[in-house]
Amino acid sequence: MPTKSLLIYVGGRLLQAVPILFVIILINFALIHAAPGDPIDILIGGADATPEYIEGLRREFGLDQPLSQQFVTYIGKIAQFDLGYSLRYRESVLTLILGRMPATLLLMGTTLFFSSLIGILLGVFAARRPYSAGDYTATFLSLAGYSMPVFWIGQIMLIIFALHLAWFPTQGMYSLRAPSEGFGRILDVAHHLVLPAITYSFYHLALIYRLTRIKMQEVLALDFITTARAKGVAEGRVVYRHALRSAILPVVTVIGLNFGFMLAGSVLTETVFAWPGMGRLLYEAVGARDYPVLMGLFTMLSIMVICANVITDVVYALVDPRVVYR
Amino acid sequence: MRWSIRAWSTGKGMATTHIPAEPSWWRIFSRNRGSVLGAFILAALFALAILAPMLPFEAGRIDVGPSMAAPNLTHLMGTDELGRDVFSRAAAGLSVSLMVGLGAATISTFLGVVIGGLAGFFGRSIDALLMRLTEIFQVIPRFFLAVLLVAFFGANIFNILIAIAVLSWPEIARLVRGEFLSLRSRQFVDAARVAGASRTSLIFGEILPNALGPVVVNATLMVGQAMLLEAGLSYLGLGDPTKASLGQMLQEAQQIMRSAWWTTAFPGSFIFLAVLSLNLVGDGLTDVLNPRARGR
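Line by line, the protein sequences give chains A and B. Letter by letter, the first sequence follows residues 153 to 478 in our numbering. Letter by letter, the second sequence follows residues 1153 to 1448 in our numbering.
Treat the hints with care, since some could be wrong.
Some chain B residues judged to face chain A by a derived CB distance under 7 Å, without partners named [claimed, not checked]:
1) Val-1188
2) Gly-1255
3) Ile-1259
4) Tyr-1387
5) Met-1409
Think of the hints as simulated: they come from the structure by calculation, not from any bench. On a predicted model such as this, the values are computed, not experimentally measured, just so you know. All residues carry an ideal CB built from backbone N, CA and C; glycine is no exception.
Using the sequences and the accompanying hints, generate a full structural model.
Below, the structure is given as structure tokens:
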């Protein structure tokens, strides 16, 4: 594939994201002004502010100017990655969010890896034995998996494995007494990661399993599979090399497009386990009505979702030769 | 005037070929045992939600029993730290949850049908514009926008319902648009058009009834999704403080999980059972309403 056309394709996809970004900024701006009360209270965000601070904010956001001028100022601030200031944390919102991002990405990455792996294997297993007892069991369990509120799964996990059996820590990401660097620290974090990651995996496992099963069943019924079998290709090779390769593409797309839902699950999981990520930050900000942090998180999470969508499309384009760039 | 092929009185002298009747919808639905189970659970939950005010203990009332009593014959699901009866409170919370779920699903289905129908029927620039809007709404992380809306405008049942409804219509809109696009050029619609049917009667008389199957299935699933969203919002502390809510009960239970597992286990299982049964019923309805998907 020519690199140049790929670059144009990626550029085009990024351009398509601009209106969405604009809408997100517009939503934030509209919320500041449409919410009941004075916009200045929103910008302070539920903390005690000195008169000088309030005066400074008024000037910074141009609150005495016409609304259109304020909007231009606001877009200018976002364009410079200025997401506002949290008086409660005494830190800029961007620094605050970036500080919490690694924990969330660690949790998401681990979950995504394991739930995709197990979900795809289970899906292949069930598709090879359609309507068997194993297929029915797995299908029912997957239905149950995405009918449960993720935070409730987390609480049940906590009660059983952390409180009663005491196999895992109840909350947080580190123990106070664990070594602060090296292998010991990695082990400590991994120990804390187990329960949140399992909790958070239920939904994705269910989703990926169901998709893989449907796609594999479709592909296994196609002619090229029959041909491969007739040629005498070993069954394992037919399933994993021939069928899975073409069945997995739509699965990858759906994982990418579900990124927004994944983030929502992450917030709730982090809240249950006091995992110090962006979700926990959201929970704290909701409790304190720290509006600048809430708006900043919404903007950052939206940007992450947009990026995930673009990356999914590009990966799809790279892998699937049928996609034509225009 | 209608000509009947079948002979009404005796059938004498008239040869009728036997055409197997289309099985009744319950027949098709009940082939899927999971769906029947789902329908029964759902009916039981609805009954419980309706009967909630008649339960022996008042839902939000404190000190109706000892603090943190384990489940027993008086308090079937135990009591919480304030001595409230978990069963009565969960039943009241369930009725609120179901109400929010049904309300949000109804509003968003209506929005989706209108937007998708307009886009699919008129096509061209209207379609392009509406679909662009739908795409934008699909990309925006919905849960967080709901959090923002409720946090900014106040945590009450009305705001929660509207926030969920306004954010859930894009799926239905896409679905309806697809159905309208494929149906509007079918022969029976062309026939009606040639016969001089107005736009309104084309949309409401010909196309919409034929597009409703998948919409009903999707609406059923959406009730469950909306209930999960509501539970998530109240768990984050954005529930209506004046109403019992399952998510809120779970948030409070977080503090006393170690000594009172029942305050977590029961309210959560209500949400789980409701969403699960809605998903199972949705599966069964797919079989009934979408003949193409009838497998097995």
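Verification of the supplied hints:
1. Because the beta carbon of Val-1188 of chain B sits about 14 Å from the nearest beta carbon in chain A, more than 7 Å, this interface hint is broken.
2. Look at Gly-1255 of chain B: its Cβ only gets to about 19 Å from chain A, farther than 7 Å, so that hint breaks.
3. The closest approach between the C-beta of Ile-1259 of chain B and any C-beta of chain A is roughly 19 Å, which is over the 7 Å cut-off, so the hint fails.
4. The closest approach between the C-beta of Tyr-1387 of chain B and any C-beta of chain A is roughly 5 Å, which is under the 7 Å cut-off, so the hint is satisfied.
5. The closest approach between the C-beta of Met-1409 of chain B and any C-beta of chain A is roughly 5 Å, which is under the 7 Å cut-off, so the hint is satisfied.
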